[in-house]
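Engineer: Could you put the whole structure together from the sequences, leaning on the hints where they help?
What follows is the residue order along each chain.
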Amino acid sequence: MSAAQEETFVAPAGREPAAPAAAAPPRKWWRRKGVTSAISTASVIVVLAAWQLCASQGVVDEKLTSSPWGVVQAARFLIGNGQLGPDVASSAKLFGVGLGLAIAIGAIGGVLIGWWRLVAAVFEPWIAILYSMPLIALLPLILVWFGISFSAEVVMVVLISVFPVLVSVITGTRNVDQELVRLARSFCGSELAVIRTVLFPSLIPYFVSGVRLAIGSALVGVVVSEYFLGNSGIGGLIVTAGENLQSGEVFVGITILALSAIVMTSLLRRAERHISQWRNG
Amino acid sequence: MSANVSLTSVGKTFAPGTRPVLDNINLEIHPGETVTVIGPSGSGKSTLLNCIAGMEPYSGAIAIDGEPVRKPRRSVAMVFQAPHLLPWRTTVGNISYGMQLQGSLAKDAQRERVEDLLDLVKLRPARGRYPAQLSGGMQQRVNIARALAVRPSVLLMDEPFGALDAISKEHLQAELQGIVSGQQLTVLFITHDISEAVFLGDRVVVLSSDPGRIAAELRIEQPRPRPLEWKRSAEFQEFYSFLWKELQQA
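First to last, the protein sequences are chains F and B.
Position 5, counted from 1, in the first sequence is what our numbering calls 5; the numbers after and before it change by one each time, with no gaps.
Position 41, counted from 1, in the second sequence is what our numbering calls 41; the numbers after and before it change by one each time, with no gaps.
Check before you lean on any hint, since a few could be wrong.
Claimed, not checked - Label-pair ranges, simulated between beta-carbon atoms:
1) F:Ala121 - B:Ala82: 31 to 37 Å
2) B:Gly162 - F:Ala128: 41 to 47 Å
3) F:Gln277 - B:Ala82: 21 to 27 Å
4) F:Val122 - B:Gly103: 30 to 36 Å
5) B:Asp165 - F:Ile105: 19 to 25 Å
6) F:Phe123 - B:Thr18: 33 to 39 Å
7) F:Val122 - B:Leu228: 35 to 41 Å
8) F:Phe200 - B:Thr18: 34 to 40 Å
9) B:Gly103 - F:Glu179: 20 to 26 Å
Hints listed in this document are in silico derivations from the structure and should not be mistaken for laboratory results.
C-beta: ideal position from N, C-alpha, C; glycine also.
Structural biologist: And the structure:
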């Protein structure tokens with residue numbers, strides 16, 4: 001044994017040798033948080049700059065592709081002529097009502113179906129049928145049943161966005177820790193008390209991941225229903241601008257949708273982190 | 001007040017046509033007595049506990065203070081093998097959980113009870129911590145405090161120290177005597193550890209396996225609190241050897 005090796009084994013009696021400070025290998029420079037954020041930002045800037053450059057140098061036809069500056073101009077024009085505000089408000093209303101209903105139906109339905117086998121037996125075949133089919137195929141029927149109306153648009157948004165919440169909550173309900181349920185019952189907890197004190201808190205991660213998926217689906221639902229059922233809101237703006245070859249205005253609509261999705265999912269992630277502080281051991 | 005637990009010809013079969021897990025168990029546990037039950041794996045120790053807790057159907061008769069047991073009762077509390085703490089509740093939230101479910105105490109009284117128990121199980125410094133931030137021994141103390149919080153007259157403990165290291169286990173065994181002594185409790189303690197059974201029990205019941213039947217009983221006439229050093233005495237070793245032989249034959 002070399003002197004160096006011997007030194008490694010000699011520790012003062014009763015004391016653990018101190019763990020080396022650099023026990024974990026140092027992170028590679030490109031894995032550090034600041035660096036990855038900078039790379040992500042640079043990636044967006046580079047693509048936007050390249051797009052702008054290609055459009056201004058005539059590499060691509062600006063009429064068809066627009067350009068970042070063209071999008072800004074289009075946004076200023078739409079704000080100036082008073083069109084964007086009402087369009088955003090109309091889509092936000094449809095999105096809010098549709099997603100709100102989808103979350104309520106998905107959460108309540110998910111708990112009922114996941115908790116009681118009899119309810120599951122009634123509804124699961126329908127969930128399997130509807131979840132596996134392209135729901136846009138129902139659009140003509142919705143048009144016939146509800147006409148061109150806000151209700152029709154809401155029905156479409158709900159149909160498209162309810163399943164991620166529903167399926168996620170069903171899975172969460174079935175995966176609830178049965179030992180915790182037994183514990184609650186051993187304290188004479190009623191069915192309702194077990195659901196409230198054990199099931200609901202366990203469902204939070206499932207519920208949040210369902211809602212996160214539902215946000216994306218609801219945005220799709222909003223655009224689809226506005227395209228086909230109302231020709232209003234951001235969806236209507238996109239389709240009309242596309243027909244008139246106003247690519248800048250199309251991108252304004254797309255940007256608003258993308259930013260809304262990003263903001264909402266990141267707010268949701270924050271809320272979940274706040275609620276689930278107990279997970280940090 | 002501690003209660004009398006009486007089992008008469010208790011049997012349990014999980015599926016028709018299969019061998020019974022428990023067969024003809026007759027046992028009388030007197031008020032304030034601590035009975036420990038040992039037996040090989042598969043002898044139905046936990047099943048017996050679940051039947052007394054009213055969590056499993058059974059044949060025969062189980063009565064607590066003369067009242068038949070068919071479903072969970074407020075006067076009976078269980079301490080499970082794993083702590084089963086609610087991960088989203090702090091120590092205080094977990095200790096008060098049973099009380100909240102039973103709703104038998106006003107909120108102020110619940111708070112007072114939790115404060116007393118925090119001192120009893122020595123968890124005051126960890127009162128605001130979540131289970132993920134507690135050691136195995138601390139989690140088990142929360143588990144015990146949660147059961148005691150509802151002021152049960154019967155405490156059913158299912159190998160509560162089984163998953164702990166030897167030192168934590170000995171400490172908790174010693175502490176448990178102090179915790180239980182002031183509570184006027186009848187205790188049924190399941191374990192597979194002979195030494196634990198002797199140290200904690202006023203009486204040790206040996207269950208045989210396949211099916212679980214009472215193979216032997218041993219009264220331990222040793223005053224409480226029993227110091228841990230007693231485990232090293234000749235008397236303790238004698239009890240240990242007797243039970244070891246009984247278990248070999250069980």
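Engineer: Does each hint fit the structure? Answer for all of them.
Structural biologist: Here's how the hints hold up against the structure:
1. F:Ala121 - B:Ala82: 31 to 37 Å: Given a distance of about 32 Å, which is inside 31 to 37 Å, the answer is holds.
2. B:Gly162 - F:Ala128: 41 to 47 Å: holds, 43 Å
3. F:Gln277 - B:Ala82: 21 to 27 Å: For glutamine 277 (chain F) and alanine 82 (chain B) the Cβ distance comes to about 23 Å; the hint holds.
4. F:Val122 - B:Gly103: 30 to 36 Å: holds, 33 Å
5. B:Asp165 - F:Ile105: 19 to 25 Å: violated, 50 Å
6. F:Phe123 - B:Thr18: 33 to 39 Å: holds, 35 Å
7. F:Val122 - B:Leu228: 35 to 41 Å: For valine 122 (chain F) and leucine 228 (chain B) the Cβ distance comes to about 59 Å; the hint is violated.
8. F:Phe200 - B:Thr18: 34 to 40 Å: Since the Cβ atoms of phenylalanine 200 (chain F) and threonine 18 (chain B) sit about 38 Å apart, the hinted range of 34 to 40 Å holds.
9. B:Gly103 - F:Glu179: 20 to 26 Å: Given about 22 Å between the Cβ atoms, the range holds.
Consistency note: the structure conflicts with the earlier hints numbered 5, 7.
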